Amino acid sequence: GAVVSQHPSRVICKSGTSVKIECRSLDFQATTMFWYRQFPKKSLMLMATSNEGSKATYEQGVEKDKFLINHASLTLSTLTVTSAHPEDSSFYICSARLAGAGDTQYFGPGTRLTVL
Amino acid sequence: AQKVTQAQTEISVVEKEDVTLDCVYETRDTTYYLFWYKQPPSGELVFLIRRNSFDEQNEISGRYSWNFQKSTSSFNFTITASQVVDSAVYFCALSEYRSDMRFGAGTRLTVKP
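First to last, the protein sequences are chains F and U. Residue 51 in this note's numbering sits at position 51 of the first sequence, with consecutive numbering throughout. Residue 196 in this note's numbering sits at position 80 of the second sequence, with consecutive numbering throughout.
Treat the hints as calculated values from the structure; they're not laboratory data. Predicted, not measured: the structure shown is a model, and the values here were computed from it. Some clues are possibly wrong.
[As the list claims (entries may be wrong)] Here are the simulated EDC-like pairs of lysine to aspartate or glutamate, each with C-alpha atoms no more than 16 Å apart in a straight line: (1) U:186 <-> U:212; (2) F:20 <-> F:59; (3) F:42 <-> U:126; (4) F:42 <-> U:160; (5) U:228 <-> U:142; (6) U:228 <-> U:160; (7) U:228 <-> U:134; (8) F:41 <-> U:160; (9) U:154 <-> U:138; (10) U:119 <-> U:216; (11) F:41 <-> U:126; (12) U:186 <-> U:142.
Chain U extracted, bound-state conformation (with noise of 0.2 Å):
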């Protein structure tokens, strides 16, 4: 079955602080799809990256990027300089190949001016 774990359940930073917010999943496929989305207190969620198990490589995007390790099962995501408008509730997601998406129980993020 597969699992998803964050175990960080509230984090609270002050603006310009770098932030890793970690993730940890289980699964018995070796096709599958890791996904990070954030929720702001509108209660959208927003998709902001996935990777296939395929691919180890590590991604950047603006002060966002994202470490990707088979080898520890972890998607961890770093926001640098982080800003008040950061502030929201990250879900860290896992999908096996053609099946539903499970989600983490979510790390709630406060950045603080």
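Isolated chain F, as found in the complex (with noise of 0.2 Å):
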């Protein structure tokens, strides 16, 4: 059980254009959801929490004008890079918390993002 999904696995775009990355708790609900950018070599790095029909809340130096994050429902989230450029090129990684798994996150297999 605790099986997250993460839809491309893969994407390569033109700088301008938006790509949008969808995240889905496969066999349970997840009221709240992370997004994460990984680095070559580096750790994760926490870009923004998901709330089920709420607002997002980014992390500080995170804009939200370009990372837009829905959760519209109890299985989805989705991060929308607006506008990509080169330096949008990573690692995205979301996550889904269990509830009543003592905050135990699982982790979707990451869609690698390349802006040419």
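Starting from two chains that each stand alone, build the complex the way the hints lay out.
Encoded structure:
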């Protein structure tokens, strides 16, 4: 149990375009999901906390107008990178927190974004 | 503020050796959770274990064991008789009650045949 899927797994786009990444909890409901960014050989950096039915909470330094987060249901959160630039190229990982599991987060397989 | 330190950036061992990955944490909360995750080359983070602050009992799961010591604020992870498939980056993480999870920098483990 506690499976999280992420789509797409890999995307290449042109500079200036927008990219949407989906994160789904497949076998449980998640009132809270998280979006992380990971640079090569680095740790995970929390970008934002996504709460179902309310606005996301962004970490300091993360542009909310650039990284749009929507958590429309208990099983789906989306991250849209708007007007992508090459510096947005990274590995984006989502996670979903399983209620009653001591704050355990289960992670999706990640999305590798390359902006040309 | 919560903080996790994994001082070992990279470790290389030969298959069948035992290896311990260190994790030291800082928190002012009395209620918190500690985690270990494995990130193989594929990139997906695999949940290994969760410990809450009130449970200092050590745990063993197959070749994996964890030593939680509140007195030294450490939550170390030992792999016994390491195998090539254990090669990955291992992250220690801390979550204060109902708060965000903070990750250590990770330890890259390479197990050579």
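Against the structure, the hints come out as follows:
1. U:186 <-> U:212: The hint holds at about 15 Å.
2. F:20 <-> F:59: 20 Å, violated
3. F:42 <-> U:126: 12 Å, holds
4. F:42 <-> U:160: 14 Å, holds
5. U:228 <-> U:142: Outside the cut-off at roughly 33 Å; violated.
6. U:228 <-> U:160: 22 Å, violated
7. U:228 <-> U:134: 12 Å, holds
8. F:41 <-> U:160: 14 Å, holds
9. U:154 <-> U:138: 14 Å, holds
10. U:119 <-> U:216: Answer holds: residue 119 of chain U to residue 216 of chain U is near 11 Å, not above 16 Å.
11. F:41 <-> U:126: Holds, at roughly 11 Å.
12. U:186 <-> U:142: Judged against 16 Å, a Cα distance of about 10 Å means the pair holds.
Hint compliance for this structure: hints 2, 5 and 6 are not met, and every other hint is.
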